[in-house]
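Asker: Both chains come to you apart, so use the hints to assemble them.
Same order as they appear, the protein sequences are chains Z and Y. Everything in the first sequence is counted per our numbering, starting at 1 for the first residue and increasing by one. Everything in the second sequence is counted per our numbering, starting at 288 for the first residue and increasing by one.
Simulated from the structure, these hints should not be mistaken for lab results. Since the structure is predicted, the reported quantities are computational estimates derived from the model, not experimental observations. Please note: incorrect hints may appear among the correct ones.
[What the hints assert, rightly or not] These stretches of chain Y come out as covered by chain Z in the derived footprint (C-beta under 8 Å, 3 or more residues):
1. 317 to 323
2. 370 to 376
3. 383 to 396
4. 506 to 520
5. 557 to 567
Just so it is clear, CB atoms sit at the ideal spot from N, CA and C, and this is done for glycine as well.
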Amino acid sequence: MTAQYIFNGFVSGMILALPAVALTLIYGILKFPNFASGAMLTVGAYLALIFNVYLGMPLLWAAIIGSLIFALIAVGIDQAVFRQLRERTAITLLVCSMGVSFVLENIARFIFGNGARSYDLAIARPKHFFGLRINNEQIITAATAVAAMIVVYFILRHTALGRAMRAVADNPSLAAVRGVRRESIVRWTWAITGTLTAVAGVLAGMDRAIDPLLGWNYIVSTFAAAILGGLGNPVGAVIGALTVGVVEETSTLFIPPNYRQVVSFLAIALLLILRPQGLLGAAKIKK
Amino acid sequence: MVSYLVTILSLVAIISILGLALNLQWGLCGMVNFGIAGFFALGAYTAALVDLAGAGTLVATVAAAAVCGIACALVALVSLRLSDEYLAILTLGFGEVVRLVVLNEEWLTHGSLGLPGIPRPFWGLIPEEQYEYWFLGMLGGVILLLFLALEKLLRSPFGRAIRAVREDDVVAATLGKDVVKLRVKVFALGGVIIGIAGAFHSFYMTYIDPSQFSAILTAYVFMAVIAGGRASNSGLLLGSVGLMAVIEGTRFLKDIFNIFDATQLSAIRLILIGLGLILLLIFRPQGCFAEYRLKIKKPEKEPRKASVQTETRTT
Numbered sequence: 001m002t003a004q005y006i007f008n009g010f011v012s013g014m015i016l017a018l019p020a021v022a023l024t025l026i027y028g029i030l031k032f033p034n035f036a037s038g039a040m041l042t043v044g045a046y047l048a049l050i051f052n053v054y055l056g057m058p059l060l061w062a063a064i065i066g067s068l069i070f071a072l073i074a075v076g077i078d079q080a081v082f083r084q085l086r087e088r089t090a091i092t093l094l095v096c097s098m099g100v101s102f103v104l105e106n107i108a109r110f111i112f113g114n115g116a117r118s119y120d121l122a123i124a125r126p127k128h129f130f131g132l133r134i135n136n137e138q139i140i141t142a143a144t145a146v147a148a149m150i151v152v153y154f155i156l157r158h159t160a161l162g163r164a165m166r167a168v169a170d171n172p173s174l175a176a177v178r179g180v181r182r183e184s185i186v187r188w189t190w191a192i193t194g195t196l197t198a199v200a201g202v203l204a205g206m207d208r209a210i211d212p213l214l215g216w217n218y219i220v221s222t223f224a225a226a227i228l229g230g231l232g233n234p235v236g237a238v239i240g241a242l243t244v245g246v247v248e249e250t251s252t253l254f255i256p257p258n259y260r261q262v263v264s265f266l267a268i269a270l271l272l273i274l275r276p277q278g279l280l281g282a283a284k285i286k287k
Numbered sequence: 288m289v290s291y292l293v294t295i296l297s298l299v300a301i302i303s304i305l306g307l308a309l310n311l312q313w314g315l316c317g318m319v320n321f322g323i324a325g326f327f328a329l330g331a332y333t334a335a336l337v338d339l340a341g342a343g344t345l346v347a348t349v350a351a352a353a354v355c356g357i358a359c360a361l362v363a364l365v366s367l368r369l370s371d372e373y374l375a376i377l378t379l380g381f382g383e384v385v386r387l388v389v390l391n392e393e394w395l396t397h398g399s400l401g402l403p404g405i406p407r408p409f410w411g412l413i414p415e416e417q418y419e420y421w422f423l424g425m426l427g428g429v430i431l432l433l434f435l436a437l438e439k440l441l442r443s444p445f446g447r448a449i450r451a452v453r454e455d456d457v458v459a460a461t462l463g464k465d466v467v468k469l470r471v472k473v474f475a476l477g478g479v480i481i482g483i484a485g486a487f488h489s490f491y492m493t494y495i496d497p498s499q500f501s502a503i504l505t506a507y508v509f510m511a512v513i514a515g516g517r518a519s520n521s522g523l524l525l526g527s528v529g530l531m532a533v534i535e536g537t538r539f540l541k542d543i544f545n546i547f548d549a550t551q552l553s554a555i556r557l558i559l560i561g562l563g564l565i566l567l568l569i570f571r572p573q574g575c576f577a578e579y580r581l582k583i584k585k586p587e588k589e590p591r592k593a594s595v596q597t598e599t600r601t602t
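One chain only, chain Y, in its complex shape (with noise of 0.2 Å):
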């Protein structure tokens, strides 16, 4: 049971870093990425191929950030001067050509058979029936790193910028904010993130292939966000962690329902989650969290300042 546990956390673990990258890009800077089961494909590919390399799983990881970092670059240059409903059309795309090229390209990712033997970090530094516990504190410490460059950044002149761009381009333009420049960085970032999780991904399967890449992973991820409320990153971990409890709770529902199959069951829970995207959207659209925002500090709190400023009155 607790080995059966750590290794939900751990899955739950890697889609909450999409979800952080996806909330960056779309809950921050409104930039849709449809894609992001193709974008995480090419990052656990590209550490996979570097890894089986030899090149070592830390090189492996920084190629998967770059190269998806690059490859969202290009397409959010691509979109540079249209409204957000193309680069959507285009994420969704790009996931595709990934999906094509993975499946066709078998000199080079065994197509459907899939890549086996990925090598994993610190493996044989740390006694093998414990390896499970260790990674997943390895990705609980990824996401406590990027959670909390994340909130720095969410709050840094760099953020509110990208907030501006958002909620309205043109004005942030009139601001002096250089939009194109701005989103491309954010998107990249965004990649940068998901290449993270792809790596991380081929590294604790230790074999990957095309069919752990659908689109159900995308649903998941923006399931995760909207349930979580936009641009909130700590209700976005909540989310994830809400997303686990409905997938693995209808898991169970095999045990009540004999008579479905696997495919039946697995087609419930997407229905699940489509629902789930829907009525959260039409009804809480802002999710649990709502997002962060400058405060300002009421004077009553302050009894001192309040209490000076009553005396100059009085005087």
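In isolation and in its complexed conformation, chain Z is listed as follows (with noise of 0.2 Å):
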């Protein structure tokens, strides 16, 4: 019983890993948390929806052709909003992006209005390992975030772009004198940070009923991911992804089901009050 809530909780915890990732990129890059995160899920989730249901493709390429839009759309947004902002403080920033979070919203919300709204899929047939009732849907999202987290990582460890975001990420100024563009880098993460996004989206919206709120419910659990795992540590991020969904899911052994996101900010408030640098995160010396 307790097993099959870890393992659901494991495989929540995937979903999560993948806006957590995106949010500590763009916290690396760009040095804000970036509010709009929940929103840029929910429009994800619906433009595979467009392809998925009014289009007739299967979820799938619905998924693919929609994350790759919406990368676009991110790098878009960025052009037009977060670039005229580069000089700001991060605190502009962020209450900018709760302004691009209420349009994004909105635009699903105008176009679909409040309805709750799910995939055309096939539903499989539950199936049992070892005592654990595992359905199909979680067997997808579990592929499909290790996938993707292993294609993030090989970017981010083996190839020059990689490289160049982690020299920008840690230095910026240092990174431009060794001839690194940033605006390049930037837009690359923008359009990493919004396949993610979108595809976490997708797999929220298989887990769970597609409505204008659907990425507002994963937004403190994701915030909650990133801090534990330090903000800017990609590989923190999944391990404090995987932890939330865990601790999330069995909690709800002791307390409503309701409350998973007060668990995710409490956790919040202990892991800033004992360990402000986040599990993983190294001890820094700021300014």
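Answerer: This is the structure in structure tokens:
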């Protein structure tokens, strides 16, 4: 029984890992927590819905096309909004990302209304392994999330782009001196962020109903995951997300399931009191 | 039409009080509060519950102010060792926690059904048909008092100290200011004001439910503060009136575009608010009114002194 909860928590943690990594990448490069993360997830889910339900594509293709389009949208948002604010403080960017969040969420609401929708997906019988009940969506979720994480890890560790991204995150001026073009790195980061968040939107939409507040339900948990891993640390964000997923899910054994986000909030608060640099983050001396 | 205007003005007055609080926390001290809707709900529910228990509206207001002040102080304390981004995340999280508790603790808050029949201040002393006007007057009085108090605070040594903390907390600390204490104090004081706004919201509506405290409210308040100019209280009041024009203006869109339903209209309104926020931050981050600064008096303005100076020079 407890094993089932832990397993379910692991899978929901995997959904959480994608926006948490996205959040942490943007934080690394642009140094602000992106409050539009939730609304981006929502729009990603709706984009796939358009291709899946209205154009009759299989969900896999709908998700791929939807997330690629959303990658472009994310770059577009950066060019239109965040680029104008590059030299401003983190707080300005953060308030601005709240504005972006309202616009995105309400474009979805304007087009699709407040009603809940769901993907056109064949329902499969759940499988049983070692006493665990595993349904089809969970297998898809786990496979997609793991694949996405491997791709992101490969990009960050083994490509020129990844090296440049890490360089800019670490020391923008030094990276500029070495000839790294910051603007192009920022664009690529937004493209990766957009893709990851939109994929997470599809996974979230498979897990629960799609409505304009879909992403909002994940926002506190996403921040909890990213902070747990030490903001700016992608591997930490993945571990943080899995931890948050398992803790939230097992907490429903003791408290009503509606209070999952409260558990995340308390986790953030406790962590910030005891270990502000995150579980994995190194203690740094700041200005 | 007049009663409609009074209703709108009362709502704007409550948003203005929230705006004054945000202006203190964010404008003056640089501490972002994304949980305004949550703290506001906390104040409103505290006031409503105390009021419904029969303690009277004054006790209810004080209780709401105290609870919100303490909640804000605690949230500020948690993030004291960290940069401002963490405070923003914490306040957002706190807002969500309040929303979830209000929705789920039905024994206390009746969940989504809400709390009806909240007693109003001075009810019975004033003829019922005039009550709305009196209440608006009372709100005006509260705003005036808060405004004067905050303007006084802004120009006091305490006000200069917290602005120093906003600009550079390291320098402020070097100058011997207790940064942590100042930040917690300011955030708590903002909480007290939010609590008062919550109490008046409860009294005004006489019925509260969770849908009245959505994130939209936070956006409205931010919009009012940014439009008016951060750290300028008079700008803020103007900002909230301008905001009212936008919100109410979009209400009339319904007559022009019959094709949109209520959900779509509220979506349009929020898209406009979001766009407004973004455009203001890009093109006019200082808002319409500049922040108060100490001015150096120019010598030309005082001809007598000037003549004395010339005399001394000639001799």
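Asker: Which of the listed hints are not met by the structure?
Answerer: none
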